[in-house]
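> Below are the chains, spelled out letter by letter.
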Amino acid sequence: MNRLWTTFRYTFLSLLGQVLGWGSGLAVYGLLIVAMYEKMGAQKEQLEQLIAGYPPEFLAFFGGDANSLLTPAGFLGMYAFSMMPVIVGIFAVIVGSGLIANDEERGRLDLILAHPIGRNAFFWGRSLGVLTAASAILFLGWLGFCLLLGSSSLGFTWGEMALPFLSLFAQTLVYTTLALLLSMLLPSRSLAAMTSGVVMVASYFISSLAFLDEKMEAVSKLMPYHYFQMTLSFNEVNLAWLFGLLAAGLVMTGIAWLRFIRRDIRLSGEGSWRLPFLQKSHKVY
Amino acid sequence: MKTSNTVQPGPDWAIQIHGLTKAYGKVRALRGIDLQVQRGEIFGFLGPNGAGKTTTIRCLLDMIRPDGGKALLLGLNPQAEPVAVQARTGYLPGEMQYYDNFTVERQLRFFSDMRNGRVEWRYVGELAERLSLDMKLQIKNLSKGNKQKIGVVQALMHRPELLLLDEPTSGLDPLMQQEVMNLLRQANTDGTTIFFSSHIMSEVESVAARVAIIRAGEIVEVAETSSLTRRTLNRLTVRFKRPVEIGELSSQPGVQILSQDGGNLITLQVAGDMEPIVRALGSLPVLDLETERPSLEEVFMTYYQK
Numbered sequence: 001m002n003r004l005w006t007t008f009r010y011t012f013l014s015l016l017g018q019v020l021g022w023g024s025g026l027a028v029y030g031l032l033i034v035a036m037y038e039k040m041g042a043q044k045e046q047l048e049q050l051i052a053g054y055p056p057e058f059l060a061f062f063g064g065d066a067n068s069l070l071t072p073a074g075f076l077g078m079y080a081f082s083m084m085p086v087i088v089g090i091f092a093v094i095v096g097s098g099l100i101a102n103d104e105e106r107g108r109l110d111l112i113l114a115h116p117i118g119r120n121a122f123f124w125g126r127s128l129g130v131l132t133a134a135s136a137i138l139f140l141g142w143l144g145f146c147l148l149l150g151s152s153s154l155g156f157t158w159g160e161m162a163l164p165f166l167s168l169f170a171q172t173l174v175y176t177t178l179a180l181l182l183s184m185l186l187p188s189r190s191l192a193a194m195t196s197g198v199v200m201v202a203s204y205f206i207s208s209l210a211f212l213d214e215k216m217e218a219v220s221k222l223m224p225y226h227y228f229q230m231t232l233s234f235n236e237v238n239l240a241w242l243f244g245l246l247a248a249g250l251v252m253t254g255i256a257w258l259r260f261i262r263r264d265i266r267l268s269g270e271g272s273w274r275l276p277f278l279q280k281s282h283k284v285y
Numbered sequence: 001m002k003t004s005n006t007v008q009p010g011p012d013w014a015i016q017i018h019g020l021t022k023a024y025g026k027v028r029a030l031r032g033i034d035l036q037v038q039r040g041e042i043f044g045f046l047g048p049n050g051a052g053k054t055t056t057i058r059c060l061l062d063m064i065r066p067d068g069g070k071a072l073l074l075g076l077n078p079q080a081e082p083v084a085v086q087a088r089t090g091y092l093p094g095e096m097q098y099y100d101n102f103t104v105e106r107q108l109r110f111f112s113d114m115r116n117g118r119v120e121w122r123y124v125g126e127l128a129e130r131l132s133l134d135m136k137l138q139i140k141n142l143s144k145g146n147k148q149k150i151g152v153v154q155a156l157m158h159r160p161e162l163l164l165l166d167e168p169t170s171g172l173d174p175l176m177q178q179e180v181m182n183l184l185r186q187a188n189t190d191g192t193t194i195f196f197s198s199h200i201m202s203e204v205e206s207v208a209a210r211v212a213i214i215r216a217g218e219i220v221e222v223a224e225t226s227s228l229t230r231r232t233l234n235r236l237t238v239r240f241k242r243p244v245e246i247g248e249l250s251s252q253p254g255v256q257i258l259s260q261d262g263g264n265l266i267t268l269q270v271a272g273d274m275e276p277i278v279r280a281l282g283s284l285p286v287l288d289l290e291t292e293r294p295s296l297e298e299v300f301m302t303y304y305q306k
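Line by line, the protein sequences are chains R and X. For what it's worth, our numbering labels the leading residue of the first sequence as 1, then goes sequentially. For what it's worth, our numbering labels the leading residue of the second sequence as 1, then goes sequentially.
Careful: at least some of the hints might be erroneous.
[Stated by the list, open to error] In the EDC-like style, the derived pairs of lysine to aspartate or glutamate whose C-alpha atoms are separated by at most 20 Å in a straight line are:
# : chain 1 : residue 1 : chain 2 : residue 2
1 : X       : 70        : R       : 264
2 : X       : 144       : X       : 161
3 : X       : 70        : X       : 81
4 : X       : 26        : X       : 218
5 : X       : 26        : R       : 57
6 : X       : 70        : X       : 12
[Claimed, not checked] Which chain X residues face chain R? A few, computed with CB under 8 Å, are given here:
#  : residue
7  : 63
8  : 64
9  : 83
10 : 86
11 : 95
12 : 96
13 : 110
No lab work stands behind these hints: they were computed from the structure. Just so it is clear, the structure is predicted and the values come from calculations on it, not from any experiment. Positions of the beta carbon are idealized from the N, C-alpha and C atoms, including for glycine.
Only chain X is shown next, with the shape it has when bound in the complex (with noise of 0.2 Å):
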């Protein structure tokens, strides 16, 4: 790998990349990636299928090796220490696969043994009861959605200190991915850092702290996520007492009017700062206001139309 020496080691820092590329032929994966995550945190990863998300959690654990640039897991090299870096790490893969002849015990103790039996089999127990996941099935008689629990169990059977996850409820019913995500919170309150990847807002706007933006093999943002849903577009819907001139509202930095029923009721799109607006609705006989964040997806899909 080819590499700037220009990260070091931290102890605040669960994740540091920098400048990570990786090419597959002439398409360029990963097209330098900086990102940084600190310990006990949760942290989103999102981007659309082909953004190169998968391809930045399985740089970071040696799955492949990338053409430049440089990562550091809990302060270690994952190309130069890859033992020590998944002695420590849970990892879920976005697509997974077993022994289609194995019960999901097996499978289970087959994982354990992979870590040397340094797992509590009663906590799996416990983590299994959880997911309603029968131990005694057999793995090719099993759902998606039963096959992805086993992921699930496997990546927090031995307590990591930290989680790298691609799309972990991938396949779950509704009720099932809450599940998962509680389990998530819980790592977490226990010390666990958590990095997943996802494509489901919702989720990621229930757990994560902070996010990522991956667009085209590069981060287009990396904010905390209520910052980002707070900072970007506001929806205001404003009621009057009277009809009224807008002129001055739309003229206010950032604004745009949506809609205008009459005069009596205006709903606007407000970038950015409010206080330009709030200052001009206050000299306008106001009846009503109602303001509306935007979700998360919202916010995301705002980077994929620039």
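So here's chain R without its partners, still in its complex pose (with noise of 0.2 Å):
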């Protein structure tokens, strides 16, 4: 247990900067939309001539339409929620995408798991670290959006506030593992990066298009943005899609674990942009 709990201390000490640069930017983000909402419904009427200029695409990519627009939750999902996640997910694949193959390109893994430590407890330590980071992210951004409810008209209490940043974390978990996932399968962190980014994005535009365009549906079900539940949790969180999330995340970090444990630890230098099958020649140590 020691062990884990000073590889978990160490993953988020080592992510407390990120952790105040990415919460108390959303935080701010929070605070200025809901102070916004008040200057909104001031010129509510202005706000449905220019919604009503707008093309259905560019609603349907916040996930709305002209009259849920209006709404609290409809405003909160357009100007908030709609991008959160892949704006999260920039996080999330960055250091998903690091958290093990970062030390192991750069040659430090090779020296921190001579140490004591097993690569069980490495491993589920940092992905604590990792995970715990993220909440922390999460719980900074709700603070912010929570601290001027009490003043303004958007009628949501702190716990309704808290309902789209569990589906948040649930889609943060989601490109977090996948990152991780990638980062132990594929050559280098690069590409890792890069493979669950571009997934990221195509979740987005795909599930975003899906409301437009009913033959893209079967297709979005397959992408992890589909199951955000962004203002639709102010009425009724849907806990198979959440849960179903979460399992996908486990799923994924249970596979990353497994591929962990048996695999050789490469040395500083041996990560690269070429797969495996097309190497023609190997680095002996």
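From these two lone chains plus the hints, build me the complex, please.
Written out as structure tokens, the structure reads:
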């Protein structure tokens, strides 16, 4: 337990700067959005005219239509939550892909794992560290969205405001663990980050396009973003979606763990863009 | 790991390796290594770059998984009990990288924490002082030599039973190389078994009781350092009182005449036993005789020229 705790502590401390940066950024954004709602409310007629002029394709990308955007939930969905999985996803992809592969590619992992940590404790300590960091970022973001709720006409409680963040946490977990898994399977960290980033952006676009084109619906069901409950969750949380995403994250973490404990640790400089079947020569040490 | 179970843990052995194989794709890095290192000895592991030294050491520490064969460290299987092995082992990798934003002290505290804090910090300070390592410096500002010193300190800081060192003096100036060798000798006196790879023959020769020579993933020789240098080539320079006929000398087994200066001065190379040549010289008017032992480097090169 000590070994896991030590790894967890160092991992979380190494991410503390990112937690404060991303978390305070989200919090400030939340404060501005909630404050902005009152301004918007005062100019409702102009806003209705403005939204009526938007093409439906544009509105679909923000997860709504002309009518729903003027409701508190629709407003938060359009201006705050629709892009949130992509924004927080950037953190997830960067941190997830580098969680182990970064130290490995820089040649530090060899020496770290020569200490009596064990691959199991190391892997789970790091995974819990990044999970805690992601939770802390979302917690700070949630605080930012909540602080002005008392004086706002949005009409949500602090508890209700936590619901889309729960769904956002599940999204973050999926992209973090996807990037982690790919970093264990692909030959380099950058390739893992790029691939999971592409999945994340494609997920957003395909799921958004599915609002307009029913043919995209089947494909979008394969995408994590489809299961993001941004403002729907104010009314009712779809627990199957929520736990489905959490389970997907756990399964990917489990596969990444199995791969990590069974494979060779690479030396610095062994990571590359070349895929294994394209490699012509191997370094021998 | 496909293993043969012929290796039985023995109390006298710090390292037991039997039939260890490892391939990277089509490249066979280790082709059935057999090696045993006694507890308490300093063992040199010689070979040029790419011979398989680092691969062997990384197999012993469970960084890479062998394709076949078996290894035991301090009687433990590193694949089955890596944490137990690593708790009793110190490791210095060939190439070291640290967290650039850490100070030396923070990095060493990190390594100490990775050992559950079972490190005597005063001893760490002593090691750093002996190596003239400033603990307050940031790692990103350190030279390669200073980074190597951190590696040496972290390997020794918990007074391990077994040290696995991959090129321990790499990047150090001659004075520091000497100091590191002194530290290793001292650790050995305190009971630590030392297994270190190197291609600097003089340092291996100065500290190692036994050496193994690895070539293309195979052990080609395991011997006591002294016997290795003794038993192979010897060079003789003989000065005679008057010119002599060298026919009898050159016909001795293993003798090769390297140079001859008017019949009074001859330089010979003798492979193997010296007795026949000494007998032959006994019947000649020898004025002066000089023998020169080959360095370990010359011995080493003979294996690589085979």
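> Taking each numbered hint in turn, which are not upheld by the structure, reported in ascending numerical order?
2 and 5
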